[in-house]
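Engineer: Line by line, the protein sequences are chains X and A.
Using the numbering used here, the first residue of the first sequence is number 37, and each one after it goes up by one.
Using the numbering used here, the first residue of the second sequence is number 4, and each one after it goes up by one.
No wet-lab data here; the hints were simulated from the structure.
Nothing here was measured: the structure is a model prediction, and the numbers come from that model.
Don't take each hint at face value.
If you want a taste of the chain A side facing chain X, the calculated C-beta under 7 Å gives, among others [said to hold, decoys possible]: (1) 75; (2) 76; (3) 82; (4) 85; (5) 86; (6) 113; (7) 114.
No farther apart than 25 Å at their CA atoms in a straight line, the calculated lysine-lysine pairs in the PhoX-like style are these [unchecked claim]: (8) X/272 with A/181; (9) A/32 with A/189; (10) A/13 with X/272; (11) X/230 with X/274; (12) X/224 with X/289; (13) X/242 with X/224.
Backbone N, C-alpha and C fix where the C-beta goes; we use that ideal spot for every residue, glycine too.
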Amino acid sequence: MARRYDSRTTIFSPEGKLYQVEYAMEAISHAGTVLGLLAKDGVVLAAEKKVTGKLLDLSATKEGGYGGSGEKIFLLSSNVIGGLAGLTADANSLVNFARTAAQRHLLAYDEDIPVELLAQRLCDMKQGYTQFGGLRPFGVSLLYAGYDPHYQFQLYRSDPSGNYSGWKATCIGANNGTAQSLLKQEYKDDIEVKDAIGLALRTMSKTMDSTTLGSEKCRRSAVEFAVLTLDPVTGKPKAKIYRPAEIDLLLEKEGLAKKDEDTEMKAA
Amino acid sequence: METSFAITGKGYVIVAADTTASRSIIKMKTDEDKVKTLSPHLLMAYSGEPGDTVHFAEYVERNIRLYQIRNLYPLRPSAAAAWIRRALATSLRSRSPYSVNLLVGGYDTASHDPHLYWIDFLGTMTEVPFAAHGYGAYFALSLLDRYHDPEASLEDGLIALKRCIRQVEERLVVTPGKYKVKVVSKDGIQEIDL
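Chain X on its own, in the form it takes in the complex (with noise of 0.2 Å):
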């Protein structure tokens, strides 16, 4: 009878736990990891692709599809980037409920959804999933990466029991643990987006799987970025999703590319 409280998501355990809610979350600690830093004067979003292999024919996705660089960053709305770790067919509908959510409050308001809001709609769906029967819970954890006029630049972290919080710098996904007590090292409150880019890249660096690392190819292009600021000119955010060249160039500026990291790596 071992499967008694772990079949349906609806009922607890007598230890008082959601099964389900818990293997979400476990499938999720397998993802690619996906970190966000909030700086000053923006917020950075990382992500490590997990490489399926090199006869995966990315020859479509090479330059970046619209709003997102292929399976971990999208653009949710004009002002919030989401990274997502977990299941990327339960990602990809999530983003879809994102988008639409935001455009929704775009045509009612006139104005770009706030970003804790655009967080909890989100999050409504998810925890509806935990407790209507029948259904499994989203496999997918997002950082909300935003702006709004409320709280200027915000970082979100969301889960599939449908909490979320807010932060200054976390991770999701594989590794996590060690990437956020790296953060927390390294982390300092008045950060500017041009060093927390390099802190972001550094973290990513060190803590993605050293099997991927080691796939020769598609080693550089594993890696999404994005950034979001505020525009100089109009003063509204823009967001920018790294094509892989930029991210390979950005590399090679904060020396992560391919042979110093290799020698980092093996010094760390």
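Since chain X is already given, all that's left is putting chain A on it; use the hints.
Structural biologist: Frame of chain X; chain A shown alone:
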């Protein structure tokens, strides 16, 4: 004849409306408050078809309150005005449209500046430094064009408002007697006795 004014200044919006309730050629009442407080930093002056006006204003008031209870932050003036405009535009294409004209003034606590929106029963909306509805508009707009100063203190703003009221009293055939004047600023809403 119904008249309402609104003037922005340095960190505030003055919203004023006459206090007469009339039916045909009869004055039914002279102490009607036609400036509704929608939220701690939002005012709305309404005029138009009697009945429609109060009904629509209460509908708006309660929806704005609902948003505030449900969500984390109250609607900003720009967002509230956009919502109100949409409500009017939707109503215009229904079987019984509201014929209500509005001036929505508020202080944005997120960006720390005052905003004023002129909205008519057709669902037209525009953000303006000063505005007026009704017959008084014919006198007030040219006056304010000359005397409005976006950097004016509250005292100077009230002087500009008094100029408008005086001209209406002097020139309009059927003038409303009294006005309700309210001001919204960062400290919230206060009523002013002219």
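Engineer: Hints first: check each against the structure and report whether it holds.
Structural biologist: Here's how the hints hold up against the structure:
1. Annotation: interface hint on residue 75 of chain A holds; nearest CB of chain X at approximately 6 Å, less than 7 Å.
2. Checking residue 76 of chain A against chain X: minimum C-beta separation of about 5 Å stays under 7 Å; hint holds.
3. Against a cut-off of 7 Å between C-beta atoms, the interface hint on residue 82 of chain A holds, since the closest Cβ of chain X lies about 4 Å away.
4. A cut of 7 Å between beta carbons decides the hint on residue 85 of chain A: the least distance to chain X is about 3 Å, and the hint holds.
5. Contact between residue 86 of chain A and chain X, as hinted, is supported at the beta carbon level, the nearest pair being about 6 Å apart and thus within 7 Å.
6. With 7 Å as the threshold, the beta carbon of residue 113 of chain A comes within range of chain X, its nearest partner Cβ sitting at about 4 Å, so the hint holds.
7. Proximity of residue 114 of chain A to chain X holds as hinted, the smallest CB-CB distance being about 5 Å (cut-off 7 Å).
8. Using a Cα cut-off of 25 Å, the hinted pair residue 272 of chain X and residue 181 of chain A is violated, with the two alpha carbons roughly 44 Å apart.
9. Our distance criterion of 25 Å between C-alpha atoms is broken by residue 32 of chain A and residue 189 of chain A, whose separation comes to about 33 Å.
10. A hinted pair counts as satisfied when its Cα atoms are at most 25 Å apart, and residue 13 of chain A with residue 272 of chain X qualifies at roughly 24 Å.
11. At roughly 15 Å between alpha-carbon atoms, residue 230 of chain X and residue 274 of chain X fall within 25 Å of each other, so this suggested pair holds.
12. Of the supplied pair hints, the one linking residue 224 of chain X and residue 289 of chain X holds, its CA atoms being roughly 21 Å apart against a limit of 25 Å.
13. Proposed proximity of residue 242 of chain X and residue 224 of chain X is supported: the alpha carbons are some 19 Å apart, at most 25 Å.
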